[in-house]
Amino acid sequence: MTYGGVYNAKWLRYIAQAALYGLFIAVLGYFSVSPAYVHLPPDQALIKLSFSHPGQPKGGCRERTDEELARLPPNMRIRVVCPRERSPVFIELEMDGRLLYRDTLIPSGLSRDGTSTVYRRFPVAAGRHHLRARLRDDVQVEGFNYVREADITLKPAQVFVVDFNAKSGGFIFK
Amino acid sequence: MLKWFQRVGRRGFLHMEAGFNAVFGPRLNPLYHLGALTFLFFWVVIASGIYLYIFFETSIEGAYDSVEYLTYEQWYLGGIMRSLHRYASDAMVLTMMLHLLREFTLDRYRGFRWFSWITGVPLIWLVFASGINGYWLVWDKLAQYVAVTTAEWIDWLPLFNEPMARNFLNEAAISSRFFSLLQFLHIGIPLFLLLLSWVHIKRISRPRVNPPRGLMVGTLASLVVLSLLAPAVSQGRANLDQVASVIQLDWFYLAVYPLFDIWSYGGVWILLGGITLLLALMPWLPRRHPEPVAVVDLDNCNGCGRCFADCPFGAVVMQPRTDSQPFAQEALVAADLCASCGICVGACPTASPFRRTSDLVPGVDLPQLTIREIREKTLAAAAKLSGDDRVIVYGCDFGADLGRLEERGVAVLALPCIAALPPSFLDFVITRKHVDGVFLTGCREGDCYYRLGIEWTQERIGGKRDPYLRKRVPRERIDMFWAGPDRSNQLAQKLDEFRGKLRELGPYTKPRSSHPEGDSRWNDKGVRNVTDRME
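Top to bottom, those sequences are chains G and Y.
Following the numbering used here, the numbering of the first sequence begins with 1 at its first residue and continues without gaps.
Following the numbering used here, the numbering of the second sequence begins with 1001 at its first residue and continues without gaps.
Calculated from the structure, these hints are not laboratory results.
Computed from a prediction, not measured in an experiment: that's the story for all the values here.
Stretch-level coverage of chain G by chain Y, calculated; a stretch enters the list once three of its residues show a Cβ under 8 Å from a Cβ in chain Y:
1. 47-60
2. 151-160
Straight-line distance between alpha carbons at most 30 Å, and here's what the computed DSBU-like set of lysine-lysine pairs gives:
3. K174(G) - K155(G)
4. K10(G) - K1501(Y)
5. K10(G) - K1464(Y)
6. K10(G) - K1494(Y)
7. K1377(Y) - K1510(Y)
8. K1003(Y) - K1202(Y)
9. K1384(Y) - K1494(Y)
10. K1433(Y) - K1501(Y)
A few chain G residues that face chain Y, going by a derived Cβ cut-off under 8 Å, partial list only:
11. R13
12. Q17
13. Y21
14. V38
15. P42
16. T117
Cβ coordinates follow ideal geometry from the N, Cα and C atoms, glycine included.
Work the whole structure out from these sequences, hints included.
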């Protein structure tokens, strides 16, 4: 059975087959790498704000009374008891006086006793900027208990990370 | 809406297939082997991947360098293997998506096919997961982009306490152990993919997992040519302190990634989740009205197993005899697997119109069109014919419109599948002189809706498959043309030619010898000679 009299000649069919195989690899070869995608315009840099930080315990510790201790099983009779729940972490990031990000980060866990985490990325124009980061990790504190600001110069495509580590003194700009 | 897509898609595929048939012929038509081609590409990916694995180093510094070594210093083998790995993976996505689209447009995803469809849905995710995961291993700028973006996307889900993307904050954050995890995933996911692929074809009898040799050779050769012409290369070492701004994306795997810069990550999850859910529900949107399935009549079943051998979907099983008949086995139809194609009926030796001594009830029959009804309809239609070119056309529900042929003065009878017609019917209508010739038509060659109908019909008539058409039946009075739904004009032309030939032959006369000759002419039809086994 033949399909289309024009292709009866064997060599003509081979040529047509070669052309279709050629089309197949052309499609594969082209879309495997093209067209190029511009993920970030060439005049921009990226600020990444990311940290994982446990807020301070939400309430103060207290001592149990003798009556309270007596009611507990012997293996649980610990005098000082602290609340599990931690304070949410309040964070603000400003660049050149403009607010980039502000959020209240709820601690993880069913009892809200885990860390508060954030990961955000901000494409910004490359060049010189003034950056200010502020954080409060204790509900009993007014205002912010960690603040850092700096003048930074961002090159095009540079990744600038705003991290936080209380043990290292607070915000880390790198 | 779905039907509109199906109609448009079907038309498109029919046109493309016609073009490919003209070039490759139906046996090598790539569009008829999309699933098998996907398997082929998978084997290429596995074979090339094993080679690359030998040289790959699982560390931040070593990963990129080892891939560069393969690409440049060992370009003659390692470089080609890398390119084959890349392009075969891309081709896998291409054929997989075409396979999905084609099965949808041809309505091959509902009813008895639901299982193959639904097991195909997670395969899509696994193929993409394997490919995207593989891109990370190169640890070039593309890998960096894919790693960071994928991690941010996954972080949208409330899975991890600490964001996964923090692992890619900057150069100091990443560790070599991460590559060990990636490599484990890059082996584990494809293994799972292989397992699920086996499940995907589990309900299909004689699945075509390998394309025909000619197509396989052509495809592999073209992949090698592409690998030589445009070797896969890296896009510069990853540097997490700098954004990978301009990326040469692999659009087969990463086409969705630009959406992350336009939509929210949640939006992309909803889009992909919605598509996945829609795909998973499609077999029931709407559910195909189930046809009555084949019924076994134990009084007429001698447990020969021909129905079991011919069923394309493994719906017939043989089990020990449950009645007092002196046979070892009996056929049993699994209702949930049965496609109601009637191929088992066409294979049943008791489905013979010659039977006189008993009521015409075969060992297995279709309730919606019994063998007795086929016999009665055949005789009624043939009785209306006159002249010396009386032809009965047997077709199928998925082929050309037989009504148009009826207007041309031939008898027509549509069957669920052409292989539902036992070969003895051809013998019956010709040697009993009910007609001067028989014309068989149906789906396009190589693309039977019930997978094996055309193949079995050709083999039965050609004496290669039981039940055979008896040797005494003059083959010049039988013709066939696998027109499919769109080649009605060519079908009519072929039919006219056949009738002209019958007029030249004159009326059928019983041969004097019990062993007539002349079967060699049958080769011209593309069907093999009748063998001595038929006797």
